[in-house]
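> Everything in the sequence shown is counted per full-length UniProt numbering, starting at 1 for the first residue and increasing by one.
Hints in this document: simulated from the structure, not taken from any laboratory. What you were told as hints is all true, and nothing was included just to trick you.
Each pair of labels, with its calculated beta carbon distance range:
(1) A140 with A264: 43 to 53 Å
(2) D181 with G18: 55 to 65 Å
(3) A264 with A142: 45 to 55 Å
(4) D181 with I75: 31 to 41 Å
(5) A142 with S268: 48 to 58 Å
(6) P321 with E89: 23 to 33 Å
Glycine included, each C-beta is placed from N, C-alpha and C at the ideal position.
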Amino acid sequence: MRGKVGPATMREVAERAGVALTTVSRAFSNPDKLSPDTLRRIADASAELQYTVNLSARSLRKRSSGMLLVLLPDIGNPFFSLVLKGIEEGAREGGRVLLIGDTGSDATLADAYAGQLDAGTVDGMILIDGRVPFPHGSPARARLMRAPVVALSEHVDDPSIPFVGIDNRAAGRDVAHLLADLGHRRLGHIAGPAANGLTTLREQGFAEGARERGCDLLGTATGDWSIGSGQAAAADILSWPHRPTAIFAANDEMAIGAVHALAAAGVSVPGELSVVGFDDIDFAAVGSPALTTIRQPRFAMGRAAVEAVTARIEGRTTAEPARILPFERVMRASTGPLGSGQTAAGRG
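Full structure from sequences and hints, please.
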């Protein structure tokens, strides 16, 4: 913790990073003279102290730092592993290194990291948490909108920021069609957090697909993307007056939690209730039963995001405003036709 009030100084950044004051100065004026490890330490210290340099000084040097900032909400989430591998490979091939900001969905921390783009410590930024740093209408937000920024996986609330990812609404619709093709007509949904854009798109698509195929969406239980929340949501669904014969969970972790809760309640999957997840994380293939899911091309998404942010760094105005990659159904053992263990009338 800083012991004084007021803006952080370059000397404080140097002390926090464990480098000389002249090294910090060089990081902002001639970053190509420093090692990637030193640049990372200075960038981390600057983010922690919310230190930024004067933009007029930045404009004088017109040099590349050779670094990209990646902001994500939870580096421990298995969804991000292949995404980050794709980003790293794309950055490395372009001669760049990464600064990864694990924000924990903390807006203040995200703003501090994003300040490194404002300061010139990094050349561009990839957002993977659906939130644009800095308040609407603030000078920092206005500058950010002119900077090389790309949204990955989740759309953000500013159309000037290019998007890379899949069509989540179409994917949700595809899940409903899949279950209808298996004979299911009574469906349930486990959604992600209410304020999340991915939650909304997947839920909307699933509801649309259900209507298109004449299925009844009996209700929605809400989770927070975690296995535990999927368990709680499945327990809630089992208490409904009329039980669905199939459940779509908006990510694999909640689907895995649901399968565990159903097994603990003595409900056969897929004999009595089919379950579909979303993302195709590594754990989806090794459960019992293995999970039917929607596969996102996570590695390709990461590489595509680097290509998009590089285009903006290089001033290529013809860069695509959105790059939509294909998703894929992955059929495994957690889904099956409406069978002998399921009744058309349901419970209640």
